[in-house]
Amino acid sequence: MSAAPPMLAVENLTAGHGPVTVIDGLSLAVGAREAVALLGPNGAGKSTLVMAIAGTLRSRTGRVDFAGRNLIDLPPHAIVAMGVAVVPEGRRIFAPLSVLDNLHLGAIRLPAARGRIGERYESVFALFPRLAERRQQRAGTLSGGEQQMLAIGRALMSAPTMILLDEPFLGLAPKIVDEILATLHVLRRAGLTVLLVEQKTELALNFCDRAYVMQKGRIVREGSAAALAGDPALSADYFALPAGGPG
Amino acid sequence: MTDLLELAVSILEAGGIYALMALAYLVVLRPTGIINFAVGEWATLASFFSVATLGWWNLPYIPGAVLALAGVAAIGALTEQATVRPMIERGAPILTPILILLGMVVVYREAAALGFGTQNLRVPPPLGFGRIDLGPIAIPMQSAVVIAVSGIMLAGTWAFFERTIWGKAFQAVAIDRVAAGLMGINLRLVAAFSFAGGAAIAGTAGVLQAPLTSAHYLMGLPLAIKGFSALVIGGVGRVEGCILGGLVLAACERLVMRYAPIPSGFAIGVPLLLMILFLLVRPTGLIGARGRT
Ligand SMILES: Nc1ncnc2c1ncn2[C@@H]1O[C@H](COP(=O)(O)OP(=O)(O)OP(=O)(O)O)[C@@H](O)[C@H]1O
Ligand SMILES: [Mg+2]
Chain Y
1 MSAAPPMLAV
11 ENLTAGHGPV
21 TVIDGLSLAV
31 GAREAVALLG
41 PNGAGKSTLV
51 MAIAGTLRSR
61 TGRVDFAGRN
71 LIDLPPHAIV
81 AMGVAVVPEG
91 RRIFAPLSVL
101 DNLHLGAIRL
111 PAARGRIGER
121 YESVFALFPR
131 LAERRQQRAG
141 TLSGGEQQML
151 AIGRALMSAP
161 TMILLDEPFL
171 GLAPKIVDEI
181 LATLHVLRRA
191 GLTVLLVEQK
201 TELALNFCDR
211 AYVMQKGRIV
221 REGSAAALAG
231 DPALSADYFA
241 LPAGGPG
Chain Z
248 MTDLLELAVS
258 ILEAGGIYAL
268 MALAYLVVLR
278 PTGIINFAVG
288 EWATLASFFS
298 VATLGWWNLP
308 YIPGAVLALA
318 GVAAIGALTE
328 QATVRPMIER
338 GAPILTPILI
348 LLGMVVVYRE
358 AAALGFGTQN
368 LRVPPPLGFG
378 RIDLGPIAIP
388 MQSAVVIAVS
398 GIMLAGTWAF
408 FERTIWGKAF
418 QAVAIDRVAA
428 GLMGINLRLV
438 AAFSFAGGAA
448 IAGTAGVLQA
458 PLTSAHYLMG
468 LPLAIKGFSA
478 LVIGGVGRVE
488 GCILGGLVLA
498 ACERLVMRYA
508 PIPSGFAIGV
518 PLLLMILFLL
528 VRPTGLIGAR
538 GRT
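Read top to bottom, the protein sequences are chains Y and Z.
Residues 1 to 247, numbered by our numbering, are exactly what the first sequence covers, in order.
Residues 248 to 540, numbered by our numbering, are exactly what the second sequence covers, in order.
A portion of the hints provided could be inaccurate.
Unchecked claim - Covered by chain Z, per the in silico footprint, the following chain Y stretches (three or more residues, Cβ under 8 Å):
#	stretch
1	32-45
2	86-94
3	101-113
Said to hold, decoys possible - Pair by pair, the computed Cβ-Cβ distance ranges are:
#	chain 1	residue 1	chain 2	residue 2	range
4	Y	A4	Z	R332	37 to 43 Å
5	Y	R69	Z	V528	52 to 58 Å
6	Z	E409	Y	A132	21 to 27 Å
7	Z	S461	Y	R69	54 to 60 Å
8	Z	R435	Y	N42	29 to 35 Å
9	Y	H17	Z	V528	36 to 42 Å
10	Z	A406	Y	E119	25 to 31 Å
11	Y	A173	Z	I412	18 to 24 Å
12	Y	N12	Z	I412	35 to 41 Å
13	Y	N42	Z	G350	49 to 55 Å
14	Y	N12	Z	R435	23 to 29 Å
15	Y	R69	Z	L436	54 to 60 Å
16	Z	A402	Y	R63	19 to 25 Å
17	Y	A132	Z	S461	54 to 60 Å
To be verified - One-sided excerpt, in silico: chain Z residues whose CB lies under 10 Å from chain Y:
#	residue
18	D380
19	K415
20	Q418
21	L434
Bear in mind the hints are in silico, worked out from the structure with no lab data behind them.
The structure displayed is predicted, hence computed values, not measured ones.
Even for Gly, the Cβ is constructed at its ideal location relative to N, Cα and C.
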């Protein structure tokens with residue numbers, strides 16, 4: 001990590017919702033082809049950070065360098081075009097539209113240099129065969145797990161080089177979690193850079209190389225997944241400790 | 248029989264214009280959340296522009312009408328840039344642009360009166376004053392033009408929303424703005440296009456109406472009211488709702504005019520009564536937005 005510049009470097013980022021500052025002077029970095037976890041309790045500001053990187057928050061200052069370019073003043077559509085895709089918290093698929101339409105919309109910024117839309121459909125359907133079977137179905141009628149697959153597939157349609165996943169396993173059965181994890185492993189091997197926001201510490205540390213722990217809008221701990229996994233302070237109920245919570 | 252057929256033609260004619268006005272509201276409302284009461288004035292401006300292009304400059308009908316529509320579309324997009332966008336980007340509540348556009352009604356209307364005067368201006372009908380013989384009835388040429396053009400415009404807009412990816416992108420913005428932005432949909436472009444498109448659609452209604460009643464700087468208000476009623480009746484969701492709402496409204500209005508023993512001036516109250524009825528009994532309209540029930 002010391003030689004090559006990181007793929008994503010967030011420096012001294014301050015962001016919030018309107019006048020409310022949630023993230024205060026935060027810095028983190030994700031190297032190319034790395035998988036990094038972002039852990040933290042409810043209300044720590046993880047989703048706010050994801051939205052600030054993606055450009056959907058109006059009030060943000062600092063630097064967000066991606067592939068050598070500062071994204072801080074770019075609108076979301078320009079950031080997607082640079083190769084950053086987001087799977088937002090709560091999936092946010094377009095429920096009234098068909099599976100196919102949802103995927104097509106994911107490719108609306110697909111640069112010609114990164115592939116043709118037909119190839120993108122093929123690769124997403126190869127990763128999630130269940131979506132292929134249900135391509136004409138209305139997205140809102142999919143099961144929770146299928147909706148999450150669609151949210152990930154839709155993000156992949158833009159052929160991103162980096163994907164930000166905000167709590168993609170929330171409310172899913174263990175079997176589906178394993179299925180999606182297996183797919184994420186495939187994507188990692190194919191070279192995708194991942195920032196995974198999670199509250200399930202063990203699951204995230206098993207999947208990722210490194211992790212940051214966030215509290216009240218700041219990074220309070222960082223390290224390799226192995227080091228953090230052995231840290232007794234970071235047990236499952238760490239986030240439930242009164243001192244650790246937001247309130 | 249002849250009577251009924253003529254009635255049907257007049258319902259199709261008025262319904263087409265009302266449907267276009269309803270659609271002008273919808274095209275702006277769905278992606279931006281803004282109820283834009285300036286649509287009536289957009290119709291007025293376009294019909295005055297057609298006075299200039301067709302009446303004064305004697306352009307052939309299609310280029311003249313297209314030029315008038317392009318003019319009002321540009322005004323729609325500029326209005327969005329100049330008045331709506333700065334407010335939204337400063338985080339103003341959605342009521343702010345709605346009120347600003349209500350103010351723009353006065354600006355547009357006074358500008359139209361200044362530029363074109365306050366008298367009625369005649370607009371030549373594209374195919375003259377003749378009639379088309381259709382067996383038992385003869386349809387006035389301009390009725391046929393109104394029905395054909397509004398039909399093409401409504402079908403074209405339907406096809407845009409249902410059959411093209413950019414139409415789906417508009418729908419996506421209406422469903423979830425933030426998620427649409429994350430897909431890479433340019434939200435500013437969608438807003439600008441929705442205003443330009445809304446203006447062109449309302450403008451089409453104005454250009455079609457002008458040869459029937461002359462262009463006048465106050466012609467926008469009744470069109471705005473009827474369009475809004477048609478939107479409420481049909482349901483704020485899809486193009487089909489606008490068409491149905493326009494036809495239902497026109498049918499009620501024409502039937503009342505013909506058969507009810509009230510002075511025809513009272514027919515102006517029909518859309519308002521129908522709208523109130525629908526708001527009380529079926530606030531979602533006849534056809535709601537997809538995915539909502
Ligand atoms: N749209 C919003 N407007 C105002 N405040 C918000 C908004 N969204 C989040 N917040 C506030 O920002 C803070 C951080 O929220 P955020 O959603 O980023 O936390 P999080 O770490 O993602 O939590 P969770 O694990 O529950 O998803 C919270 O105090 C929250 O109340
Ligand atoms: Mg969150």
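Here's how the hints hold up against the structure:
{"no.": "1", "hint": "32-45", "in the structure": "violated (count 0)"}
{"no.": "2", "hint": "86-94", "in the structure": "holds (count 5)"}
{"no.": "3", "hint": "101-113", "in the structure": "holds (count 6)"}
{"no.": "4", "hint": "Y:A4 x Z:R332: 37 to 43 Å", "in the structure": "holds, 40 Å"}
{"no.": "5", "hint": "Y:R69 x Z:V528: 52 to 58 Å", "in the structure": "holds, 56 Å"}
{"no.": "6", "hint": "Z:E409 x Y:A132: 21 to 27 Å", "in the structure": "holds, 23 Å"}
{"no.": "7", "hint": "Z:S461 x Y:R69: 54 to 60 Å", "in the structure": "holds, 58 Å"}
{"no.": "8", "hint": "Z:R435 x Y:N42: 29 to 35 Å", "in the structure": "holds, 33 Å"}
{"no.": "9", "hint": "Y:H17 x Z:V528: 36 to 42 Å", "in the structure": "holds, 39 Å"}
{"no.": "10", "hint": "Z:A406 x Y:E119: 25 to 31 Å", "in the structure": "holds, 27 Å"}
{"no.": "11", "hint": "Y:A173 x Z:I412: 18 to 24 Å", "in the structure": "violated, 34 Å"}
{"no.": "12", "hint": "Y:N12 x Z:I412: 35 to 41 Å", "in the structure": "holds, 39 Å"}
{"no.": "13", "hint": "Y:N42 x Z:G350: 49 to 55 Å", "in the structure": "violated, 43 Å"}
{"no.": "14", "hint": "Y:N12 x Z:R435: 23 to 29 Å", "in the structure": "holds, 28 Å"}
{"no.": "15", "hint": "Y:R69 x Z:L436: 54 to 60 Å", "in the structure": "violated, 22 Å"}
{"no.": "16", "hint": "Z:A402 x Y:R63: 19 to 25 Å", "in the structure": "violated, 50 Å"}
{"no.": "17", "hint": "Y:A132 x Z:S461: 54 to 60 Å", "in the structure": "holds, 59 Å"}
{"no.": "18", "hint": "D380", "in the structure": "violated, 46 Å"}
{"no.": "19", "hint": "K415", "in the structure": "holds, 5 Å"}
{"no.": "20", "hint": "Q418", "in the structure": "holds, 7 Å"}
{"no.": "21", "hint": "L434", "in the structure": "holds, 8 Å"}
Consistency note: the structure conflicts with the earlier hints numbered 1, 11, 13, 15, 16, 18.
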